[in-house]
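J.: Start from the sequences and build out the full structure, keeping to the hints where you can.
2 protein chains.
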Amino acid sequence: MKTEILNAIQDEYPDDFAWCYGCGRLNTEGNHFRTGWNGDETVTFNQPSEEYTAIPGFVYGGAIASLIDCHGTGSCSLALHRKNGFEPGSGEVPPRFVTASLNVNYLKPTPQGALLKAVGRVEEIHPKKWKVFVELFADETLCATGEVVGVVMPASFMK
Amino acid sequence: MKTEILNAIQDEYPDDFAWCYGCGRLNTEGNHFRTGWNGDETVTFNQPSEEYTAIPGFVYGGAIASLIDCHGTGSCSLALHRKNGFEPGSGEVPPRFVTASLNVNYLKPTPQGALLKAVGRVEEIHPKKWKVFVELFADETLCATGEVVGVVMPASFMK
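If you read the sequences in order, they're chains A and B.
Going by full-length UniProt numbering, the final residue of the first sequence carries number 159, and the count climbs one at a time with no gaps.
Going by full-length UniProt numbering, the final residue of the second sequence carries number 159, and the count climbs one at a time with no gaps.
Just to be clear, a hint being listed does not mean it is correct.
Pairs count within a copy or across copies, as identical chains cannot be separated in the list.
Derived lysine to aspartate or glutamate pairs resembling DMTMM-like cross-links, with alpha carbons at most 25 Å apart [what the hints assert, rightly or not]:
1. LYS108 <-> GLU124
2. LYS108 <-> GLU87
3. LYS117 <-> GLU140
4. LYS128 <-> GLU41
5. LYS108 <-> GLU147
6. LYS108 <-> ASP16
7. LYS108 <-> ASP15
8. LYS129 <-> GLU147
9. LYS2 <-> GLU124
10. LYS128 <-> GLU29
11. LYS129 <-> GLU51
12. LYS128 <-> GLU4
13. LYS83 <-> GLU29
14. LYS83 <-> GLU50
15. LYS117 <-> GLU41
16. LYS108 <-> GLU92
17. LYS128 <-> ASP40
18. LYS117 <-> ASP11
19. LYS117 <-> GLU50
20. LYS129 <-> ASP15
21. LYS117 <-> ASP16
Worth flagging that the hints you see were computed from the coordinates, not collected in a lab.
T.: Written out as structure tokens, the structure is:
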């Protein structure tokens, strides 16, 4: 299984918007989630570090929510970027999304030590508002599902 | 404003279940969220550290989701413990909940540097399944709302 994202949308975010704890390439303390296309689906891989414990042996739900969240905004960005005619790696600056809502259903305990894979399907619900349906697998086991509504970053996020 | 929780439900979790990255008192890398009663509402305070950035100046949405998540399961535990006749500090072991679902609506950007306060109202929907409605304030500003459904920890969480 290919588990590396060669052309991640997060590589293309402008420096000012690349500090996200989940997926910002410039946040040295963060998780550096990387989100790319796999055909018409989006994918992010992550192996949570040991401190992200819920009950010993199982991954912290907040870490799963974070992965789904960043996978969602990254997927929105990928999708609008593609609609605009671009792919990550092209050098064009993609639109930056923020999360309007995040829903996570925890179907079963997510074992620590497994490679997690978030898979997304993206749907446009408004030119500046996209929805992503996410499935979260630990190895091959579906452990959680989620929905993220992302919106193009509003001016209120500019300092 | 009182911003310390004297008797947190997390103080009462058995050692084996006190390793949660969000709220486990034994997780040295974690956030140590503390959830207590304030009358009939539940409350958790937290000031996220600087690395929990979304866009510079604003708190990472995953950190907000984590706070709401742990506040939710802690609130469920408080509520069922009270139903059973106990308050945190009594020395009785409370029931440990895990998250079945987590919904977060991000209403406005949450500024970094502010003290965050999660306030919860708890509702029993089944003897082993409780719902918590959460409001997340930065200082006095409502920045996010959430709903957490918690269930008494099933046997599948025992290694």
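J.: List, from low to high, the hint numbers that the structure doesn't satisfy.
T.: Hints 2, 9, 10, 11, 12, 13, 14, 16, 21 not satisfied by this model.
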